[in-house]
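Colleague: Listed in order, the protein sequences are those of chains A and B.
Using our numbering, the first residue of the first sequence is number 6, and each one after it goes up by one.
Using our numbering, the first residue of the second sequence is number 636, and each one after it goes up by one.
Don't read these hints as lab results, they were simulated from the structure.
There may be inaccurate statements among the hints.
Pair ranges (Cβ atoms, derived) [stated by the list, open to error]:
no. : chain 1 : residue 1 : chain 2 : residue 2 : range
1   : A       : R485      : B       : E682      : 45 to 53 Å
2   : A       : T432      : B       : R737      : 20 to 28 Å
3   : B       : A750      : A       : P183      : 54 to 62 Å
4   : B       : F742      : A       : R470      : 43 to 51 Å
5   : A       : A43       : B       : S782      : 30 to 38 Å
6   : A       : R485      : B       : G772      : 42 to 50 Å
7   : A       : A417      : B       : R737      : 36 to 44 Å
8   : B       : E652      : A       : F310      : 20 to 28 Å
Far from chain A, some chain B residues (derived; all Cβ distances over 12 Å) [as the list claims (entries may be wrong)]:
no. : residue
9   : W642
10  : D643
11  : H685
12  : R715
13  : T745
Even for Gly, the Cβ is constructed at its ideal location relative to N, Cα and C.
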Amino acid sequence: MTPIPVKIFVPRDSGALSLGADGVAAAIAAEAARRGVAIKLVRNGSRGLYWLEPMVEVATGDARLAYGPVASADVPSLFDAVFLSGAPTSHPLALGPVAEIPALARQHRIVFARTGATDPLALDDFVAHGGFRGLARALELSGAALVEEVTRANLRGRGGAAFPAGVKWKTTLEQSDPVKFVVCNADEGDSGTFADRMLMEGDPLLLVEGMTIAGLAVGATRGFIYLRSEYPHALRTLMAALAAARARGYLGADVCGSGRAFDLEIVVGAGAYICGEETAMLESLEGKRGMVRYKPPVPAVAGLFGRPTIVNNVITLASVPAIVEHGGAAWNQIGYGRSRGTIPLQLAGNLARPGLVEVPFGLTLRELIHDFGGGTRSGRPLRAVQIGGPLGAYFPAAMLDLRVDYETIAEAGGLLGHGGVVVFDDTVDLARMARYAMEFCALESCGKCTPCRIGSTRGAELLDRVIRERGGAANLELLRELCDTMTAGSLCALGGLTPMPVMSALKHFPEDFGLAAAAPPP
Amino acid sequence: MESSPSWDHEAVAAIVESLRRTPGALMRILRRVQDQLGWVPPPALPEIAHALNLSRAEVHGVASFYHDFRPTPPGRNVIRLCRAEACQALGAEALADHVRARLGLAFGATSSDRAFTLEPVYCLGNCACSPAGVINGQLLGRLTPASFDDALARLVRR
Ligand SMILES: Cc1cc2nc3c(=O)[nH]c(=O)nc-3n(C[C@H](O)[C@H](O)[C@H](O)COP(=O)(O)O)c2cc1C
Ligand code: SF4
Ligand code: FES
Numbered sequence: 006m007t008p009i010p011v012k013i014f015v016p017r018d019s020g021a022l023s024l025g026a027d028g029v030a031a032a033i034a035a036e037a038a039r040r041g042v043a044i045k046l047v048r049n050g051s052r053g054l055y056w057l058e059p060m061v062e063v064a065t066g067d068a069r070l071a072y073g074p075v076a077s078a079d080v081p082s083l084f085d086a087v088f089l090s091g092a093p094t095s096h097p098l099a100l101g102p103v104a105e106i107p108a109l110a111r112q113h114r115i116v117f118a119r120t121g122a123t124d125p126l127a128l129d130d131f132v133a134h135g136g137f138r139g140l141a142r143a144l145e146l147s148g149a150a151l152v153e154e155v156t157r158a159n160l161r162g163r164g165g166a167a168f169p170a171g172v173k174w175k176t177t178l179e180q181s182d183p184v185k186f187v188v189c190n191a192d193e194g195d196s197g198t199f200a201d202r203m204l205m206e207g208d209p210l211l212l213v214e215g216m217t218i219a220g221l222a223v224g225a226t227r228g229f230i231y232l233r234s235e236y237p238h239a240l241r242t243l244m245a246a247l248a249a250a251r252a253r254g255y256l257g258a259d260v261c262g263s264g265r266a267f268d269l270e271i272v273v274g275a276g277a278y279i280c281g282e283e284t285a286m287l288e289s290l291e292g293k294r295g296m297v298r299y300k301p302p303v304p305a306v307a308g309l310f311g312r313p314t315i316v317n318n319v320i321t322l323a324s325v326p327a328i329v330e331h332g333g334a335a336w337n338q339i340g341y342g343r344s345r346g347t348i349p350l351q352l353a354g355n356l357a358r359p360g361l362v363e364v365p366f367g368l369t370l371r372e373l374i375h376d377f378g379g380g381t382r383s384g385r386p387l388r389a390v391q392i393g394g395p396l397g398a399y400f401p402a403a404m405l406d407l408r409v410d411y412e413t414i415a416e417a418g419g420l421l422g423h424g425g426v427v428v429f430d431d432t433v434d435l436a437r438m439a440r441y442a443m444e445f446c447a448l449e450s451c452g453k454c455t456p457c458r459i460g461s462t463r464g465a466e467l468l469d470r471v472i473r474e475r476g477g478a479a480n481l482e483l484l485r486e487l488c489d490t491m492t493a494g495s496l497c498a499l500g501g502l503t504p505m506p507v508m509s510a511l512k513h514f515p516e517d518f519g520l521a522a523a524a525p526p527p
Numbered sequence: 636m637e638s639s640p641s642w643d644h645e646a647v648a649a650i651v652e653s654l655r656r657t658p659g660a661l662m663r664i665l666r667r668v669q670d671q672l673g674w675v676p677p678p679a680l681p682e683i684a685h686a687l688n689l690s691r692a693e694v695h696g697v698a699s700f701y702h703d704f705r706p707t708p709p710g711r712n713v714i715r716l717c718r719a720e721a722c723q724a725l726g727a728e729a730l731a732d733h734v735r736a737r738l739g740l741a742f743g744a745t746s747s748d749r750a751f752t753l754e755p756v757y758c759l760g761n762c763a764c765s766p767a768g769v770i771n772g773q774l775l776g777r778l779t780p781a782s783f784d785d786a787l788a789r790l791v792r793r
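With the hints as extra help, turn the sequences into a complete structure.
Modeller: Here it is as structure tokens:
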């Protein structure tokens, strides 16, 4: 009798690959061959515990034992420690059962439940782990009933603007145009964010399922995924997932034998941050420059090629299968205030334990940064946190009791955006970060509005002067006026919100701008 | 003045032919040309415009709008370093200083022997493994000056 080969998981997630996961996988295969033991190597997604990547898992019955971070050179000693036996070992890299790793055990994973657990390219694995159950239920419901579930869930867009998905979907459903589109925003341009990437690389069929349900809900038969070009691994994984779904009848002219059609196409961007803005994205999909459109009409009424189009972020769409399977009410039951469900937050920057944390809204920044993130990687005092990407505010260490939900962060003068949390230690110079915000805006402006196009360049020059002259009341007064002009005179949030990181830096860290330090909070 | 470097006319013509009927054809064609040739030769633009029944100005406008579309051929080795916030929080600027000095190149520049091109990139989605960069398509994380040098030695094309 030949023994069943032991399953060993080594992530194919690009973050893990950037740390040598391919080399580890090759070393494991070679070592197994050398010792004559049969193994089955599975290339899974990442669990999102990046300080432990490359993280290797060994399957034993239902549990999986984790080891990490593993280097190729560690592989022989892992085999010596009989890690294939599946019994806990005393190897220095042993982490115990993966589900019991505290940073994972304390999460509430719904959208990311499968990411890291399964082989992202194996459709049977997807189905065995609960995949396509939302789609099965969706095929029994009317479009209006599906929109009702999403509305009842109070699902808000995870791409940045937090707009209710149900409202958008309802608008598109109500349009009489026979041709409608579903567009997935996979441009993920915000620094400090990687949830879309992880999901597309780790559980791409969930996105396929979510988009198909969206198509059924609003009456669209075609979908597009607009993927940023910086994500070549996600592209390969998605292409394989689409092919698998088509081959098994989950996409195409007759979805699951229902007689209803839905198919998907991937379009790769070309390195323009502004193409994450939904109307610029539609222009780009139409083959044009990524210039922001005036609204109205909103895309839900007249979007891609003038047709009614729902544009949603990857995570928004990936949240839909669970909502349809379990009902919108269940999703709406968790969360905080008007922010319902879970949110995959992304911990980045100077942290000991960076990675993906999917939790219900309402955690405090302190819990997130200290309990999950483990404090700064450098060991130096934490000084600033930027939330929500390059258009989000910088907050000081004194404000870590803020809760993470859309309203609380907005009331504090920031935005939650796509859920990126970037931590800086006390070596950061906020005047330089403010300058960078202006520079980034100048670099990425679509050029339609003068305050954004010209103002951002002026802003960077002004901040150069502030940095050189260690402040100067006149410089700072000009900076404030400029920010007011940008806020008031910009068509979209790039020009309109670049003042947010700039002015929050000035407000909370005046000493970096040559002013007296802010009074400590009461 | 330098004349424009040679480029593969046939490859571009084949790309145009295979994609001209797709919706939003222009972006897809430019994307494919960039991926296949490593740049988008400006002299190819009038041909693309003609095939798509667009004005030259329109096609030039699109080609020049997107950062990815290079108007000149890159060096044999393309090095991209992330300069966005999360990487800055872990020393991306010091790393950039090292790389600039090491290659003797500014961001956006190609060395005169065409061995290297150094480009900035604004987030690679690898912000949990900052600082991040890419050498010849290989994504790298937790870079230090020393690990960058190692990776360069491993991945460089002579
Ligand atoms: C400058 C700018 C950049 C944006 N970038 C992205 C992005 O990369 N990904 C994304 O999903 N939404 C992005 N958005 C938000 C989109 O415009 C839009 O709100 C979103 O795609 C809607 O989907 P959602 O409701 O599911 O979030 C951006 C907006 C602006 C103004
Ligand atoms: S604010 Fe800037 S990016 Fe937005 S539409 Fe105006 S010019 Fe374009
Ligand atoms: S900020 Fe550098 S990879 Fe995201």
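Colleague: The structure should be examined with respect to each hint, and the outcome stated for every one.
Modeller: Cross-check of the supplied hints:
1. Under the hint 45 to 53 Å, the C-beta atoms of A/R485 and B/E682, about 50 Å apart, fit the expected range.
2. Range check, A/T432 to B/R737: about 23 Å between beta-carbon atoms, so the 20 to 28 Å window is met.
3. Here the CB-CB span from B/A750 to A/P183 is close to 56 Å, well matched to the stated 54 to 62 Å.
4. Between B/F742 and A/R470 the beta carbons are some 23 Å apart, a value that contradicts the proposed interval 43 to 51 Å.
5. Separated by about 35 Å at the C-beta atoms, A/A43 and B/S782 satisfy the suggested range of 30 to 38 Å.
6. In this structure the hint that A/R485 and B/G772 lie 42 to 50 Å apart at CB holds, the actual value being about 44 Å.
7. At roughly 42 Å, the beta-carbon separation of A/A417 and B/R737 lies within the given 36 to 44 Å, and the hint holds.
8. A hinted range of 20 to 28 Å for the beta carbons of B/E652 and A/F310 is consistent with their spacing of about 23 Å.
9. The claim that B/W642 lies off the interface holds: its Cβ sits roughly 18 Å from the closest Cβ of chain A, which is beyond the 12 Å cut-off.
10. A cut-off of 12 Å between C-beta atoms confirms that B/D643 is not in contact with chain A; the least separation is 20 Å.
11. At roughly 15 Å, the least C-beta separation between B/H685 and chain A is larger than 12 Å, which holds for a residue marked as non-interface.
12. With a least CB separation of 9 Å from chain A, B/R715 falls inside the 12 Å interface cut-off, contrary to its annotation.
13. No beta-carbon of chain A comes within 12 Å of the beta-carbon of B/T745; the shortest separation is about 17 Å.
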